[in-house]
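Undergrad: Sequence:
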Amino acid sequence: RYDLRPVGGPKNGWLLSGVAQEVDVATGKLLFEWDSLDHIPLSESYLALKAFGRKKTKPYDYFHINSISDAPDGSGDLIIGARNTWSVFKVSRKTGDIVWRLNGKHSDFTMGHGTRFYWQHDTRFHGPKVLTVFDDGYDAVMPKDESQSRALILDVDTGKMSVKLRRQFTNPTPVLARAMG
Numbered sequence: 340r341y342d343l344r345p346v347g348g349p350k351n352g353w354l355l356s357g358v359a360q361e362v363d364v365a366t367g368k369l370l371f372e373w374d375s376l377d378h379i380p381l382s383e384s385y386l387a388l389k390a391f392g393r394k395k396t397k398p399y400d401y402f403h404i405n406s407i408s409d410a411p412d413g414s415g416d417l418i419i420g421a422r423n424t425w426s427v428f429k430v431s432r433k434t435g436d437i438v439w440r441l442n443g444k445h446s447d448f449t450m451g452h453g454t455r456f457y458w459q460h461d462t463r464f465h466g467p468k469v470l471t472v473f474d475d476g477y478d479a480v481m482p483k484d485e486s487q488s489r490a491l492i493l494d495v496d497t498g499k500m501s502v503k504l505r506r507q508f509t510n511p512t513p514v515l516a517r518a519m520g
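Under my numbering, think of the first position of the sequence shown as 340, with each following residue one higher.
Since the hints were derived computationally from the structure, they do not count as laboratory data.
Below, a list of computed lysine-lysine pairs in the BS3-like style, where the Cα atoms sit at most 27 Å apart:
no. : residue 1 : residue 2
1   : Lys395    : Lys350
2   : Lys468    : Lys503
3   : Lys499    : Lys444
4   : Lys503    : Lys444
5   : Lys350    : Lys389
6   : Lys468    : Lys433
7   : Lys444    : Lys397
8   : Lys429    : Lys499
9   : Lys368    : Lys429
10  : Lys397    : Lys350
11  : Lys433    : Lys444
12  : Lys499    : Lys468
13  : Lys499    : Lys433
14  : Lys503    : Lys429
15  : Lys433    : Lys368
16  : Lys429    : Lys444
17  : Lys444    : Lys468
18  : Lys468    : Lys429
19  : Lys389    : Lys444
20  : Lys394    : Lys350
21  : Lys444    : Lys350
Work out the full structure, taking the sequences as your base and the hints as a guide.
TA: Written as structure tokens, this is what we have:
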């Protein structure tokens, strides 16, 4: 149960937060836990409430983690992709704080031409400066943000805090993938 009034929902609504955990498989011991609600406000979501948040069976999934990996810089931090915020977050494994946001409403990066993405899946770093993203461009609930889905290869410069498009791949006949490509 959660007060969704700050985003136009009911006082006693239903919310699904994004929780990342690291568990020692051999012992079952919880090594790390991070909850999006402790760090990311509901207002960063692009998902409209519409039919969500009023029933336990349809909670408001404001964050929606759909990728997680170790940061490629050797810091031990995590890279978390959150579909409904259109963002990739670098999260400190020591404090849980947000180190930076890439894309979304409060990006710490200057996003170059063609680099913005919407409702993404499978954000993955390939070395410290190359990020691949499947840009769905659409979620079947909100209006279309793009004319077609695409795969992106982005050059990420964390020194200059800038993102440039290296390459994009689209289908010759435009296709909008609602989820996961």
